[in-house]
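Asker: Chains as they are written, first to last, in our numbering: chain A, 1 to 198; chain B, 1 to 342.
If you are wondering where the hints come from, they were derived from the structure by calculation, not from laboratory data.
Accuracy of the hints is not assured; some may be wrong.
To spell it out: a stretch of chain A is covered by chain B in this simulated footprint if at least three of its residues, at any positions, have a beta carbon under 8 Å from a beta carbon of chain B; those stretches are [said to hold, decoys possible]: (1) 37-50; (2) 53-59; (3) 66-75; (4) 168-182.
No farther apart than 25 Å at their CA atoms in a straight line, the calculated lysine-lysine pairs in the DSS-like style are these [unchecked claim]: (5) Lys19(A) <-> Lys316(B); (6) Lys154(A) <-> Lys168(A); (7) Lys168(A) <-> Lys18(B).
Distance windows between CB atoms, simulated [what the hints assert, rightly or not]: (8) Glu136(A) <-> Ala274(B): 54 to 60 Å; (9) Ser333(B) <-> Arg134(A): 25 to 31 Å; (10) Ser320(B) <-> Gln52(A): 49 to 55 Å; (11) Asn324(B) <-> Pro152(A): 25 to 31 Å; (12) Leu28(B) <-> Arg134(A): 50 to 56 Å; (13) Pro152(A) <-> Glu336(B): 32 to 38 Å; (14) Arg332(B) <-> Arg173(A): 28 to 34 Å.
Every value quoted in this text rests on a predicted model; they were computed, and no experiment measured them.
Beta carbons are placed, not taken as given, at the ideal position from N, Cα and C, and that holds for glycine.
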Amino acid sequence: MFSPLPASDRSADLELARKCAAGDRAAQQQLFRAQRGAVHATLFRVLGSNRQIEDLIQDTFIAVFESIHAFRGDSSLRTWIDTIAVRVCYRHLSRREPRSQLHAVGELIASASDPEREANLREAVRRLYIVLDRVEPKQRVAYTLHVVDGRPLKEVARVTRVSVLAVKNRVWRARRRVRELAERDPLLIEFLSARGDA
Amino acid sequence: MTARDDIPIEPLSDASWKRIERAVFDELDAPIPQRRRAASKRGLRWTFVLGGLFAAQAAAALVYFAARTEPAERASLEPVVVASGREPADTMFGDVAIRLEPNSNLLVVKNAGAGSLVVLERGGARFSVPPRAPGTVFVVQAGDVRVEVVGTRFHVRRANGSASVDVEEGKVRVVQSGQVHTLGPGDEWPVARVEPAPAGEAERAAVEADPAAAVEADRAAADEARQAAAREPERGAEPRLQPSAAGRLARTVASSSAADRFERASRLESQNPAEALTIYRSLAAAGGRWGENAAYAMARLELDRGRRAEATRLLKTYLSRHPNGANASDARSLLERLAREP
């Protein structure tokens, strides 16, 4: 199911993991600094903002260091850490109450030449994540990683530890739910349509 | 087309990253019980691995499971059979994520009132189990060994008609032949034993069985080990134990976490390599995941100390025992390097 890693990458990952498991602080810091961006990106894509993200990044890395002795090099260290970040997302989404609004989403929407378009994009993204708050967490994770982040289904399957078929199913259900919830929101419908997702 | 380009990742400030990094490492530095409480609060999923089981256990396991189930619910005990072919397969069973190794079969029974039962008929599987509701169980049947998830993270491996269990967090109950063993963090089951050694081999076997656990778990006993070593200087600088001492000290192994011992050995490498090697040797003798790592670490450390012949011997020993081990590729690389650079 997984593509084998090049031997040199696998060896380097295993060595770094071994040092981390042995309590080598320099190695742990190296891993943290090398992977923190990827962890942040995954959490941000799924959650849509930096709200509470510091705690979740912290949770992810604590879980990483507590279980790194179990890393066997079946996938890259980055993918392995990504699976833990996704698990942290699940847990967070499963526990929290749906929010009525998001505060930070889209503040850094890619600058567009048209200020009105930029404002609309920002607002559409904010509404998308409000809608996603009402989507079941597993479906939301699959949807955000595949549709929003553009990751291939196979990669999403890898980090969520389910089959590609299951990911397809979750994305399909999430899309259907998002469309239902966005039905009366022309701005969001337009945003999704422009991306072939409505 | 995706929304990726429209939703750039909003960066965190340097101050935020520093705060996160400090928090992560502060928590790692916290005493283990506090960390475990924190981890428990976070509700991390539990993951365990189960080696191949056989269909013969399925019937007995189902009987056991049915006995825990109300009569009205028994009709719903229809097992689901999942099989993989040449490739690994992933599936979800309720909230439990299951990854089947190639050529594996498993049988899963779930009942809302009693919990879930898994019997691996063939091959192996990895399970990711979220916390159970009070009063429900998650049971793994392995040969004549039944493992009940009480709330933990642990490993189960099939081994020669039985199974071994080691617990990282929380508790599990292991039931075999009607005997119940409750394991806590760092516990291993079955308990490591010192087998009787042939005459002339006794001392060596004793040393390999366990001095490190003594060093770690019982300082007084470790002193005894050193005294024993002092009485036999011709045997080298490393502590040597009399068989009786080793037998007594071996009993401390069960209460000592292999992971902690490995970590301790790793920290000792620069200041006290002899003691680090002793710990590694005992871990290697006990086998298991950390034993394999320790066997490789011994070779690496000997190489670091410039003892190339010993490093070569240890690397060859490691590869003969763990040809597909986690460190096998590194071991081969080191051996090649040693061969290239006489």
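Asker: So, for every hint listed, does it hold in this structure?
Answerer: Each hint, compared with the structure:
1. For a cut-off of 8 Å, the count of residues in the stretch 37-50 of chain A with a CB near a CB of chain B stands at 7, and the three-residue condition holds.
2. With 5 residues having a Cβ less than 8 Å from any Cβ of chain B, the stretch 53-59 of chain A passes the three-residue criterion, so the hint holds.
3. Proximity of the stretch 66-75 of chain A to chain B, defined as three or more residues with a beta carbon under 8 Å from a beta carbon of that chain, is established by the 6 residues found.
4. Residues of the stretch 168-182 of chain A with a Cβ under 8 Å from some Cβ of chain B number 0, which does not satisfy the need for three, so the listed coverage is violated.
5. A hinted pair counts as satisfied when its Cα atoms are at most 25 Å apart, and Lys19(A) with Lys316(B) qualifies at roughly 22 Å.
6. Between the alpha carbons of Lys154(A) and Lys168(A) the distance comes to roughly 10 Å, so the proposed pair stays at or under 25 Å and holds.
7. A hinted pair counts as satisfied when its Cα atoms are at most 25 Å apart, and Lys168(A) with Lys18(B) does not qualify at roughly 38 Å.
8. The given range of 54 to 60 Å is respected by Glu136(A) and Ala274(B), whose C-beta atoms sit roughly 57 Å from each other.
9. Distance hint check: the CB atoms of Ser333(B) and Arg134(A) are about 52 Å apart, inconsistent with the given range 25 to 31 Å.
10. The hint said 49 to 55 Å for the Cβ distance between Ser320(B) and Gln52(A), and at roughly 51 Å that hint holds.
11. Separated by about 29 Å at the C-beta atoms, Asn324(B) and Pro152(A) satisfy the suggested range of 25 to 31 Å.
12. A beta carbon spacing of about 36 Å between Leu28(B) and Arg134(A) contradicts the range 50 to 56 Å that was offered as a hint.
13. In this structure the hint that Pro152(A) and Glu336(B) lie 32 to 38 Å apart at CB holds, the actual value being about 36 Å.
14. Restraint check, Arg332(B) to Arg173(A): a C-beta distance of roughly 47 Å breaks the suggested window 28 to 34 Å.
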